[in-house]
Every structure is written in C-alpha cells, then in structure tokens.
Amino acid sequence: MKLHGKIKQVRFFSEESYFIVGVIEASEMEKDVLFSGYMKHFDVDLEYCFSGEFYTHPKYGKQFKIENYQVIIDDNRQGLINYLSSSLFNGVGQVLASQIADHLGDQALELIKDNKEVLNNIKGMTFEKRDMIYQVLSDNQNQQDLLQFFMAHHITLKMALKIMDRYQEETKDKVEQDPYQIINDIDGIGFKTIDKFALSLGVEYSDMRRIKAVLLFLLKNSCQQTGSTYLKQDALFAIFSKEVQNDELKFMQALQLLKEDSSIMMEETNIYPSSLYEAETIIINRIKRFMNQSQEEYDFEDVEEAIFDLQEDWNITYDEHQIDAMYAFLENDIMILTGGPGTGKTTIVKAMIALYQKIQPGKQIALIAPTGRASKRLSDLSDIPASTIHRLLKWNLEEQVFSHDQAHPIEYDLVVIDEFSMVDTLLFSHLLKATDYVTKILLIGDQDQLPSIAPGNVLKDLIATKLIETVELTHIFRQNKQSGIIQLAHQIRNNQFQSFSIFDDYQDINFYDCLSVNICDLTAKIINKAINEGYDLYDFQVLAPMYVGVAGIDAINETLQEVVNPAHISKKEIKVYHRIFREGDKILQLKNRLEDNVFNGDIGILLEIQKKDGFEYLEDKMIVDYEGTIVEYSNNDFNSITHAYCISIHKAQGSEFKIVVLPVLLEYRGMLQKKLVYTAITRTKQALFILGDKTAFIQALKTEDIINRNTSLKEKFYVNKEISLYDFEE
Numbered sequence: 001m002k003l004h005g006k007i008k009q010v011r012f013f014s015e016e017s018y019f020i021v022g023v024i025e026a027s028e029m030e031k032d033v034l035f036s037g038y039m040k041h042f043d044v045d046l047e048y049c050f051s052g053e054f055y056t057h058p059k060y061g062k063q064f065k066i067e068n069y070q071v072i073i074d075d076n077r078q079g080l081i082n083y084l085s086s087s088l089f090n091g092v093g094q095v096l097a098s099q100i101a102d103h104l105g106d107q108a109l110e111l112i113k114d115n116k117e118v119l120n121n122i123k124g125m126t127f128e129k130r131d132m133i134y135q136v137l138s139d140n141q142n143q144q145d146l147l148q149f150f151m152a153h154h155i156t157l158k159m160a161l162k163i164m165d166r167y168q169e170e171t172k173d174k175v176e177q178d179p180y181q182i183i184n185d186i187d188g189i190g191f192k193t194i195d196k197f198a199l200s201l202g203v204e205y206s207d208m209r210r211i212k213a214v215l216l217f218l219l220k221n222s223c224q225q226t227g228s229t230y231l232k233q234d235a236l237f238a239i240f241s242k243e244v245q246n247d248e249l250k251f252m253q254a255l256q257l258l259k260e261d262s263s264i265m266m267e268e269t270n271i272y273p274s275s276l277y278e279a280e281t282i283i284i285n286r287i288k289r290f291m292n293q294s295q296e297e298y299d300f301e302d303v304e305e306a307i308f309d310l311q312e313d314w315n316i317t318y319d320e321h322q323i324d325a326m327y328a329f330l331e332n333d334i335m336i337l338t339g340g341p342g343t344g345k346t347t348i349v350k351a352m353i354a355l356y357q358k359i360q361p362g363k364q365i366a367l368i369a370p371t372g373r374a375s376k377r378l379s380d381l382s383d384i385p386a387s388t389i390h391r392l393l394k395w396n397l398e399e400q401v402f403s404h405d406q407a408h409p410i411e412y413d414l415v416v417i418d419e420f421s422m423v424d425t426l427l428f429s430h431l432l433k434a435t436d437y438v439t440k441i442l443l444i445g446d447q448d449q450l451p452s453i454a455p456g457n458v459l460k461d462l463i464a465t466k467l468i469e470t471v472e473l474t475h476i477f478r479q480n481k482q483s484g485i486i487q488l489a490h491q492i493r494n495n496q497f498q499s500f501s502i503f504d505d506y507q508d509i510n511f512y513d514c515l516s517v518n519i520c521d522l523t524a525k526i527i528n529k530a531i532n533e534g535y536d537l538y539d540f541q542v543l544a545p546m547y548v549g550v551a552g553i554d555a556i557n558e559t560l561q562e563v564v565n566p567a568h569i570s571k572k573e574i575k576v577y578h579r580i581f582r583e584g585d586k587i588l589q590l591k592n593r594l595e596d597n598v599f600n601g602d603i604g605i606l607l608e609i610q611k612k613d614g615f616e617y618l619e620d621k622m623i624v625d626y627e628g629t630i631v632e633y634s635n636n637d638f639n640s641i642t643h644a645y646c647i648s649i650h651k652a653q654g655s656e657f658k659i660v661v662l663p664v665l666l667e668y669r670g671m672l673q674k675k676l677v678y679t680a681i682t683r684t685k686q687a688l689f690i691l692g693d694k695t696a697f698i699q700a701l702k703t704e705d706i707i708n709r710n711t712s713l714k715e716k717f718y719v720n721k722e723i724s725l726y727d728f729e730e
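So the sequence shown is numbered by the numbering used here: it starts at 1 and just counts up by one.
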C-alpha cells in the first residue's frame, strides 16, 4: 500500500537507528495517519510517497509501518523551489532556490547531477553551496538506488539503512565484494537473512565466502543448541560434513580464514565463537578483580550487634552455620551462596541484605534475577524493588545492545543475583562489564538445577574452581523435615534415592503409575479437584519436558483448558493456528517485552478477546493480565504467547507453585535427566504429583546430563598468563 503526503509531526526520531514515529497528512486518508519506520533524512516541508502496511501496535494502536519511501518533487517551478529550499540543503533559501529554478528550468536537478558547474553563474551562488547541493543530490540519488537494490534482494528497510550507515559510500562495493561480512559488521542481522541475500546476488553454494559463513553459523548454532562455549574440531567437522560437504580441505581453509579475521578463537582443538571466548575471559578477569581488591573492614562488635538486632526484630535465632555465612558475605567481595530446598537460602539472603544495610547505610543495592517471576520473589525479601538483569542493564531492543556497559556502568555498591544457575556466559559477561562502581557481588543458586538455556554453565564452573568463597547450606531445618518434597529433592540431589516407599511416608508427595495415554485424564482429575477445593490458576502448575505426543505439553494444555476453562456462550474465542484461546485462559509469555514489564516465563490470565469487526476493532486483539500488569496483543504478537496450564520445566525455573503435577514417561527418554526432575520438584511448595512410569523415573535419576556442555571457565582460572581486562572491550 502507498500513502502520499507530508510529515505533519515528528513524535520521535533516533539519530542512531533512524527509527522515526510521526504523523502523515496523506491524500488517500480522511484523517492524519500515525506512522513508524526508518528514515535517514526527512523534512516536514517535503512531499513523500510511503510504501508499507497498516498494523496495530499493542501499546500505541493503529499505525502505518514504512517499508520504503521516496521524495516527491512536483513537476513544476514551485515544487522545485520547495525542494531546494528544504532543510536537506542547508543555506539554500527561497531566494536562491528561485534563482536556480529560473536559470535552469524544470530539468534543474538532472542538470546539476550531470554537471555541478551549471550552478556557477547563478546569482548568490558560492562554490561551497554549489558543492553542497551537488553532494546532497548525489547522496539522495545513491540512497534511493541502494534502497531499491536491497528491497529487490529481500532486505528490509531497517536492515538496508543499517548496512548503508555502516558502509557509507562503499556500501555497494562492500556488499558485492562479500555480502557475508555484513553478519560480522552489523549486530542483529543473521546468517539466514544474508545467505538468502547473497544467493539472490548470484553467490554460488560452493563459494569460499559462503563456506566460511556457513561454518561460523554451524559453530554458533551448535554452541547454542548444546549450551557449549566451544566445539572440538572433529565435532565441528562432522557437522560441516553432514550439512555442507565432506571436504576436509575446504573445512580447514574456511577455519583458517575465520581464525585470521578473529571470528573464531582456537585453543588446541577447541574452537570458540569469538564472542563466547571473549565473554569467558571478561568473566574471569572481572571476578579476579573482586577477589583481589582491598576488602572492606568491619568492626566485629558492630556486626555482632547488628546480627543480634535482626534476631530481636524478626524473632528468629540463627544457627552457627547461618552466622558464619553472614560473616563470609561481609568478608568477601564476591561470594556464592548455594544449597538445596529447605536449607534456609531465602532466610539467610534476607538477613544478609538487612545486615549490609545496617553496616553500610546509604549504600545502593541492586537485586536482580534472570526472569521476571524470580525477580518478584527476590523483591519480597526486602523493601528493595528487584528487576531482571535485562532491565537493570537497559536492553535496547532496536539496537540489540545494553545501554549499561563499561562506558556507562550501573551505579550500585552491592549486586545480589538470584537463580544464578539460569545465567549464561554472555549475559553474565555483559553484567560484569557494567560493574566498575560495584564493590560486592552475591551469587545465589543451586548448581543441581538446570543450567542456562544459552551457552555456559557458569555457576557450576565457578564453584568448581574452588577459588571463590562458596557457602553451601546443607542443614534442613526442623519445620522442613516433615516435607516429603524437600526430602525427595535432597535424595535426588545427593544420589540417595533408593525406594518408592518415600511416597507412602509423606502426604505431600504422590506417585501414580500411569500409561502415557492416561496422563491427560489423570492430570485433569487432579487439577479439577484442586480447583473445587479453592485453588486458583496461579496455585497449580503442570510441568512436562516435551511439547509433542499424547502426553506432551500441547495435549495436556488442550485437555486442561476444557476442564478449567470450558467453552461458554459468554466467553469469546479466537483460533491461532492449531490453538484456541478463550477468555479466562491461563497464558504463558514466551519472549521478553521490556516495554511492558513482562518477561519470558511470566504467567497471566486472558481477560478479553477483541474480535475484528471492521469498525470498532480493526484487527483481533487479546488483553492479558500478568498479576496486575496489563498487556495488549495484536495479530502480529499472538506467536509470543501460549497456554500455561502445562509448561516446560525450563520455563518454570525461578517460579514456585503450591501444586505441581509432573509426568515422567519412557516416551520422554530423549529429555529425561536428573536435573530436569530435580528442578521440577523444587518448584513445588505444598503438593507434588508424579505421574507415569517408575522405570522412567529411575532412568532419569541415573542420567546426569543428556548433552555434555563444553565450557572452559574453570580451566581458564588456573592459566598463569595474564589477559588484559580490556582486551575484548571497546
């Protein structure tokens, strides 16, 4: 669709990304149109032809999204004058523009582009203005030509402007010389997009430029899938042979080229994407800084008095181990607090934060966690609001960068990170880069839970170094010893599970032998009973490791929707692909939406469905309540949510539920492992129901890791060679 008109108002413009939001006075529309997109240059006095489509932004409503644009110059004298006197031509006003129009006529622009000397004899013209007019006309023509070139080869306007901004006047030469270089030079543009672009330009499948890019893509993709920070050379070659061709010579040639341009780093036969190698190095050097810096000295009597006051205020008595943990926290500028459920991690963290506030009044404290739900739990420990790591570092979605980095550090003294087992290598390195003002870090996590989805095994590796002060809480407090959930979790954690009799000894855990075809029905009975007893949608959670199959997440969600939220004439429904969403459904957020303060793994309730009617509602919408945070979804956003009656165990990390139902079946054998079962069990507060096969359960407990993660944090801590803190930082 095309709109013709002037930019009536600019509401927002980023000089860095060229993202613009404004209002168009379009001849095709009865009223002004809100638009958004990317424009490198604009002028409110010029007429434009915008190509694009209407869509509804979940927060700002209906608007026109620009895909391309061109300046329209009226084919007459006044149109020429208006163009030449616009802000594009600095210093050329109406008078000089009129002189040019009168002297050169309607073909003035073409004449100037062919030969700038035609401006020499015009009254009021200087050599500086002549060269400027010629340059602007040439640049604008080049820009339009480049935009048309990129659009013809499947590159979006946003990406095209990014590429043009990076390469400037060399754009065409650069992208034709090696289109795959774009991936390395510009953040946010990936291999698949550029591969499609390159093949469209005529690059052959066997071209070494493509082979090199494919190899780097396979390395990064494999690291992402396995959680590794490096691959062994023979493993990478096996993947290359399967996906590209069994040609060791080409593989070695491409490997050497990637090494020469620093796209990869190699240590013997370990091959790293450079970003992950650099991230590990940053983590090591930054942590060593905390380990080696001069430590704060505390008055022993002040600390003792502060601990006594806390016990008085909260009517609690800390045992010797807990008090030792508090002293360790004060005495070390970086410390890890770990331990299984029921060992008092929450209690001691609350005490540590309060103790620090008493001993160091006025110091700034940042409480953070990798997920929204985990940060909400952390904020309950004190009167300090917690946030996600992404929100603390101010993730810029448009630029795909963090606003806080080494050049712009966070202004906090103490940083407390909960659920640290979920934090990956890259994210932790970004956080550490922004800690120039930070003097103390507390890492809290359970290394026996699932590691991060993204590459790395940071918590486990840091503990394994034995160089960082680590306090492991092992004592299960008396009030928790009556919990079968906690006893079972510790048996699994310590490889001490021997008998299913534990399920007979405690009322809060249950194991039901069940075939996969009966999982959905039995789950429905358990959840229906809970609902009838007064539990709400947030109180229960079904956790499963796989989406497909008769007992997969999708099948369980479909069954529970009919039990918990059946169809009714009063409830609107909408079908999105194979799913039916219904007002009252339990909803899971799948992606971070920082602008709405909603994060991957957050759970909400579908309040309202607005069906497209062509009058009041121009497209379908869904309104979801995330425990007080209301988010509006339009058609384009429906793929970022799903049902949450049953979710994956990974998505449940950082959350707790009163009731958990956990199917464990031989059909899941490709996913079953001890950490998966242990993580699911530790999400439970009151009642745990394990359904399925005892053989599968035992098999899961005997499987430590399905995929072995290759990481080198631990080993690098012992390398004698000093690496500069700034080797990998701009």
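One or more hints might be untrue.
[To be verified] Cβ pair distances, simulated, as ranges: (1) D173 to E267: 31 to 37 Å; (2) R166 to Q144: 33 to 39 Å; (3) K685 to W314: 18 to 24 Å; (4) Q224 to A464: 19 to 25 Å; (5) N597 to E248: 48 to 54 Å; (6) E411 to A464: 31 to 37 Å; (7) E704 to K62: 22 to 28 Å; (8) L607 to K525: 26 to 32 Å; (9) S27 to R166: 17 to 23 Å.
[What the hints assert, rightly or not] Each computed DSSO-like pair below joins lysine-lysine, with the alpha-carbon atoms no more than 30 Å apart: (10) K2 to K288; (11) K113 to K466; (12) K113 to K129; (13) K658 to K350; (14) K529 to K685; (15) K31 to K8; (16) K716 to K220; (17) K481 to K702; (18) K129 to K196; (19) K345 to K460; (20) K694 to K716; (21) K694 to K220; (22) K658 to K591; (23) K694 to K658.
Don't read these hints as lab results, they were simulated from the structure.
Keep in mind it's a predicted model, so treat the numbers as computed, not measured.
The beta-carbon is built from N, C-alpha and C at its ideal position, and this holds for glycine as well.
Hint numbers not upheld by this structure, sorted from lowest to highest: 2, 7, 9, 10, 11, 18, 20, 21
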